[in-house]
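As you go down the protein sequences, you meet chains A and B in turn.
Heads up, the first sequence is in this note's numbering, so the first residue is 6 and it goes up one at a time.
Heads up, the second sequence is in this note's numbering, so the first residue is 22 and it goes up one at a time.
Some clues are possibly wrong.
[Said to hold, decoys possible] Sample of chain B residues facing chain A (criterion: CB under 10 Å; computed from the structure): (1) Tyr54; (2) Gln58; (3) Val64; (4) Ser76; (5) Asp84; (6) Phe86; (7) Leu117; (8) Ser119; (9) Tyr121; (10) Thr124.
[What the hints assert, rightly or not] No farther apart than 35 Å at their CA atoms in a straight line, the calculated lysine-lysine pairs in the DSBU-like style are these: (11) A/Lys62 with B/Lys99; (12) B/Lys99 with A/Lys113; (13) B/Lys78 with B/Lys99; (14) A/Lys101 with A/Lys62; (15) A/Lys101 with B/Lys99; (16) A/Lys47 with A/Lys62; (17) A/Lys47 with A/Lys101; (18) A/Lys63 with A/Lys47; (19) B/Lys78 with A/Lys47; (20) B/Lys99 with A/Lys83; (21) B/Lys63 with A/Lys62; (22) B/Lys104 with A/Lys62; (23) A/Lys101 with B/Lys63; (24) A/Lys83 with A/Lys47; (25) A/Lys74 with B/Lys104; (26) A/Lys83 with A/Lys63; (27) A/Lys64 with A/Lys113; (28) A/Lys63 with A/Lys101; (29) B/Lys104 with A/Lys113; (30) B/Lys104 with A/Lys64; (31) B/Lys63 with A/Lys63; (32) A/Lys74 with B/Lys63; (33) A/Lys64 with A/Lys101; (34) B/Lys78 with A/Lys63; (35) A/Lys83 with A/Lys64; (36) A/Lys63 with B/Lys104; (37) A/Lys74 with B/Lys99; (38) A/Lys64 with A/Lys47; (39) A/Lys47 with B/Lys104; (40) B/Lys63 with A/Lys83.
What the hints contain is simulated information worked out from the structure, not anything from laboratory work.
Note that the Cβ used here is the ideal one computed from N, Cα and C, for glycine as well.
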Amino acid sequence: ILNVEQSPQSLHVQEGDSTNFTCSFPSSNFYALHWYRWETAKSPEALFVMTLNGDEKKKGRISATLNTKEGYSYLYIKGSQPEDSATYLCASNTGKLIFGQGTTLQVKP
Amino acid sequence: EPEVTQTPSHQVTQMGQEVILRCVPISNHLYFYWYRQILGQKVEFLVSFYNNEISEKSEIFDDQFSVERPDGSNFTLKIRSTKLEDSAMYFCASKLGSIYGYTFGSGTRLTVV
């Protein structure tokens, strides 16, 4: 059974802090790793789709890295802002998405 | 930016009743999905749909569930006889092709009482 795990489950940081979360996934039969940002009552918003080992992607203050050999991805947020408060989901794509449980980030002003 | 729209945003139904959750995927997308999240649990895959047929379904997607794309626009999930444990947030998603990212709707919160 494919199991995707995220840590930490929740995180509270001060505005301006940089932070990172981890997503681990089975490295066998890897196809792609997706990151989503999900605010309550809104659609999960696609951040990154990553496929290549060593891949690094960036979108503004948010970046992500991928290690397919050891089965992990990191999401980094530089200089967190209150509007970054959300749940960050990763999912392994094996033809369907297998999600982790999410990391809920709360950024205090 | 194109969106996946879901209606209703919240539905309350009595146990044993049939419900239909509606989704309008992005118009040129070819792959369609339903996922759900029971409160406090992971988002989990239900079913994928391509070329007017189910391409994959999970163990959750038993005989009480069905999907339809009746008019080339809407993509519906029907639960024939709802159970308390069907209470969850149901998400519809679509994508253009197999290598593309998914676009999710904002979900329908189903509460079975």
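How the hints compare with the structure:
Residue-level restraint check for B/Tyr54 holds (minimum Cβ-Cβ distance to chain A is 7 Å; threshold 10 Å). A cut of 10 Å between beta carbons decides the hint on B/Gln58: the least distance to chain A is about 8 Å, and the hint holds. Satisfaction of the interface hint for B/Val64 is found here, the shortest Cβ-Cβ separation to chain A being roughly 4 Å, below the 10 Å cut-off. Look at B/Ser76: its Cβ gets to within about 8 Å of chain A, closer than 10 Å, so that hint holds up.
A hinted interface residue such as B/Asp84 counts as satisfied when its beta carbon comes closer than 10 Å to some beta carbon of chain A; here the least separation is about 20 Å, so the hint is violated. Given the 10 Å rule on beta carbons, the hint for B/Phe86 is violated: about 15 Å separates it from the nearest Cβ of chain A. A distance limit of 10 Å between C-beta atoms decides the matter here; for B/Leu117 the minimum to chain A is near 12 Å, and the interface restraint is violated. Look at B/Ser119: its Cβ gets to within about 8 Å of chain A, closer than 10 Å, so that hint holds up.
Here the hint on B/Tyr121 is kept, as its CB sits about 8 Å from the closest CB of chain A, short of 10 Å. Here the hint on B/Thr124 is kept, as its CB sits about 7 Å from the closest CB of chain A, short of 10 Å. Proposed proximity of A/Lys62 and B/Lys99 is contradicted: the alpha carbons are some 38 Å apart, above 35 Å. Straight-line distance between C-alpha atoms of B/Lys99 and A/Lys113 comes to about 41 Å, which puts the hinted pair past the 35 Å bound.
At roughly 14 Å between alpha-carbon atoms, B/Lys78 and B/Lys99 fall within 35 Å of each other, so this suggested pair holds. The hinted pair formed by A/Lys101 and A/Lys62 meets the criterion: a straight-line CA distance of about 22 Å does not exceed 35 Å. Distance restraint check for A/Lys101 and B/Lys99: the Cα-Cα separation of roughly 20 Å lies within the 35 Å cut-off, and the hinted pair is therefore satisfied. For the given pair, A/Lys47 sits about 24 Å from A/Lys62 by alpha-carbon distance, which is consistent with the 35 Å threshold.
Between the alpha carbons of A/Lys47 and A/Lys101 the distance comes to roughly 21 Å, so the proposed pair stays at or under 35 Å and holds. A C-alpha spacing of about 22 Å is found between A/Lys63 and A/Lys47, which places the hinted pair at or below 35 Å, so the restraint holds. Under the criterion of a C-alpha separation no larger than 35 Å, the hint pairing B/Lys78 with A/Lys47 is consistent with the structure, at around 25 Å. Annotation: proposed proximity of B/Lys99 to A/Lys83 is violated, straight-line Cα distance about 43 Å (limit 35 Å).
With a C-alpha separation of about 25 Å, the suggested pairing of B/Lys63 with A/Lys62 holds against the 35 Å cut-off. Among the hinted pairs, B/Lys104 with A/Lys62 is inconsistent with the structure: their alpha-carbon atoms are about 42 Å apart, more than 35 Å. Between the alpha carbons of A/Lys101 and B/Lys63 the distance comes to roughly 14 Å, so the proposed pair stays at or under 35 Å and holds. Note on A/Lys83 and A/Lys47: the hinted pairing holds, with a Cα-Cα distance of about 23 Å set against a maximum of 35 Å.
Taking the CA atoms of A/Lys74 and B/Lys104, the gap is about 42 Å. The hint is violated against a cut of 35 Å. Between A/Lys83 and A/Lys63 the alpha-carbon distance is near 11 Å, which keeps this suggested pair within the 35 Å criterion. The suggested pairing of A/Lys64 with A/Lys113 holds, with an alpha-carbon distance near 22 Å, which does not exceed 35 Å. The hinted pair formed by A/Lys63 and A/Lys101 meets the criterion: a straight-line CA distance of about 24 Å does not exceed 35 Å.
Between B/Lys104 and A/Lys113, the direct Cα distance comes to roughly 40 Å. Violation of the 35 Å bound is thereby established for this hinted pair. Distance hint between B/Lys104 and A/Lys64 is unfulfilled; the C-alpha atoms sit about 42 Å from each other, more than 35 Å. Only pairs whose Cα atoms come within 35 Å are accepted, and B/Lys63 paired with A/Lys63 is accepted, the gap being roughly 26 Å. For the given pair, A/Lys74 sits about 24 Å from B/Lys63 by alpha-carbon distance, which is consistent with the 35 Å threshold.
At most 35 Å may separate the alpha-carbon atoms for a hinted pair to count; A/Lys64 and A/Lys101 meet this at roughly 24 Å. A threshold of 35 Å between alpha carbons decides the hint, and for B/Lys78 with A/Lys63 the separation of about 33 Å falls inside it, so the pair holds. With a C-alpha separation of about 11 Å, the suggested pairing of A/Lys83 with A/Lys64 holds against the 35 Å cut-off. Note on A/Lys63 and B/Lys104: the hinted pairing is violated, with a Cα-Cα distance of about 43 Å set against a maximum of 35 Å.
Distance hint between A/Lys74 and B/Lys99 is unfulfilled; the C-alpha atoms sit about 40 Å from each other, more than 35 Å. This hinted pair checks out: A/Lys64 and A/Lys47 have alpha carbons roughly 20 Å apart, not beyond 35 Å. Distance check on the hinted pair: A/Lys47 and B/Lys104 sit about 26 Å apart at the alpha-carbon level, within 35 Å; holds. For a cut-off of 35 Å, the pair hint linking B/Lys63 to A/Lys83 stands: about 26 Å separates their Cα positions.
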